[in-house]
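A.B. asks: Here are the chains, one letter per residue:
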Amino acid sequence: EDKVVQSPLSLVVHEGDTVTLNCSYEVTNFRSLLWYKQEKKAPTFLFMLTSSGIEKKSGRLSSILDKKELFSILNITATQTGDSAIYLCAVEAGGRTGNQFYFGTGTSLTVIP
Amino acid sequence: KAGVTQTPRYLIKTRGQQVTLSCSPISGHRSVSWYQQTPGQGLQFLFEYFSETQRNKGNFPGRFSGRQFSNSRSEMNVSTLELGDSALYLCASSDRVDYGYTFGSGTRLTVV
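As they're listed, the protein sequences go chains W and U. The numbers in this note's numbering rise by one with no breaks, and the one at position 105 of the first sequence is 883. The numbers in this note's numbering rise by one with no breaks, and the one at position 103 of the second sequence is 232.
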């Protein structure tokens with residue numbers, strides 16, 4: 779069964795801390811892995827990863843994929859209260875009816891001033 | 130550039146009814162995908178349309194269907210509503226897969 783597992787489920791840190799969010803997956807015909815930030819309703823796209831070992835970076839956020847060990851991490855350095863959100867990991871996989879997207883249940887991050 | 134627009138924002142229906150949700154993608158985006166989000170199951174992929182054709186499909190029963198028009202606007206229909214269909218339905222559009230998908234604010238459907 780295809781699945782995406784995120785850990786931890788929730789995290790509370792202080793401003794300025796660095797956090798690492800994990801996403802492991804088991805899917806057939808992996809295509810890509812995506813990270814999203816969901817604050818209220820609409821998830822916001824962060825990164826798309828398709829190749830192992832190539833770090834993607836945007837400001838204080840960075841992410842990397844390991845296709846051998848089947849996981850990805852999302853790092854946030856110097857956290858700010860505005861980083862408080864649910865971070866979703868999604869994996870795109872090829873299937874009989876075309877590509878499908880499998881989402882993890884998310885990591886809820888709370889940054890305390 | 131206007132974002133992804135979903136209508137209506139909120140909807141209350143009774144069991145057995147059917148419902149149609151609408152999604153207008155960002156101008157120029159030809160791919161539209163639909164998702165169901167519930168507290169218990171998280172975000173689940175329903176289907177994706179590209180140039181009026183269903184390109185990808187998730188593991189949902191046939192009561193869930195959709196279509197895309199020539200202007201890329203998409204509709205999702207759920208027939209014979211069940212209590213378990215109560216959820217936030219999100220639509221997302223994209224012009225290039227490697228840019229990810231931009232989500233709308235969703236339609237909150239409550240089935241009573």
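Keep in mind that the hints are not guaranteed to be accurate.
[Unchecked claim] Distance condition first, Cα-Cα at most 30 Å in a straight line; then the derived DSSO-like pairs of lysine-lysine:
hint : chain 1 : residue 1 : chain 2 : residue 2
1    : W       : K834      : W       : K845
2    : W       : K819      : U       : K186
3    : W       : K835      : U       : K142
4    : W       : K846      : W       : K835
5    : W       : K846      : U       : K142
6    : W       : K846      : W       : K781
7    : W       : K815      : W       : K835
8    : W       : K815      : U       : K186
9    : W       : K815      : W       : K781
10   : W       : K846      : W       : K819
11   : W       : K819      : W       : K835
12   : W       : K846      : W       : K818
13   : U       : K186      : W       : K818
14   : W       : K834      : W       : K818
15   : U       : K142      : W       : K819
16   : U       : K186      : W       : K834
17   : U       : K142      : W       : K845
18   : U       : K186      : W       : K845
Hint data in this document are derived by calculation from the structure and do not stem from the laboratory.
A.B. asks: Is the straight-line distance between the alpha-carbon of K815 of chain W and that of K186 of chain U 30 Å or less?
C.D. replies: holds (24 Å)
A.B. asks: Going straight from one Cα to the other, do K846 of chain W and K819 of chain W come out at no more than 30 Å?
C.D. replies: Violated - the C-alpha atoms of K819 of chain W and K846 of chain W are around 33 Å apart, more than 30 Å.
A.B. asks: Check the hint pairing K835 of chain W with K142 of chain U against an upper bound of 30 Å on the C-alpha distance.
C.D. replies: violated (44 Å)
A.B. asks: Taking only the CA atoms, is the gap from K186 of chain U to K818 of chain W under or equal to 30 Å?
C.D. replies: holds (26 Å)
A.B. asks: Is K846 of chain W close enough to K781 of chain W, meaning Cα to Cα at most 30 Å?
C.D. replies: holds (16 Å)
A.B. asks: Regarding the pair K834 of chain W and K845 of chain W, is the alpha-carbon distance no greater than 30 Å?
C.D. replies: Holds, at about 15 Å.
A.B. asks: For K819 of chain W and K835 of chain W, compute the direct alpha-carbon distance and say whether it is at most 30 Å.
C.D. replies: holds (24 Å)
A.B. asks: If you draw a straight line from the CA of K815 of chain W to the CA of K781 of chain W, is it 30 Å or shorter?
C.D. replies: Status holds; Cα separation ~19 Å.
A.B. asks: Under the criterion that the straight-line Cα-Cα distance not exceed 30 Å, is the pair K846 of chain W, K818 of chain W satisfied?
C.D. replies: violated (34 Å)
A.B. asks: Below or equal to 30 Å on CA atoms is what counts here, so check K819 of chain W against K186 of chain U.
C.D. replies: Roughly 23 Å between the alpha carbons, so the hint for K819 of chain W and K186 of chain U holds.
A.B. asks: Assess, step by step, whether the Cα of K846 of chain W is no farther than 30 Å from the Cα of K142 of chain U, and give holds or violated.
C.D. replies: violated (46 Å)
A.B. asks: Within 30 Å, alpha carbon to alpha carbon, are K815 of chain W and K835 of chain W?
C.D. replies: holds (15 Å)
In the structure shown, a violation is registered for the earlier hints numbered 3, 5, 10, 12, 17, in ascending order.
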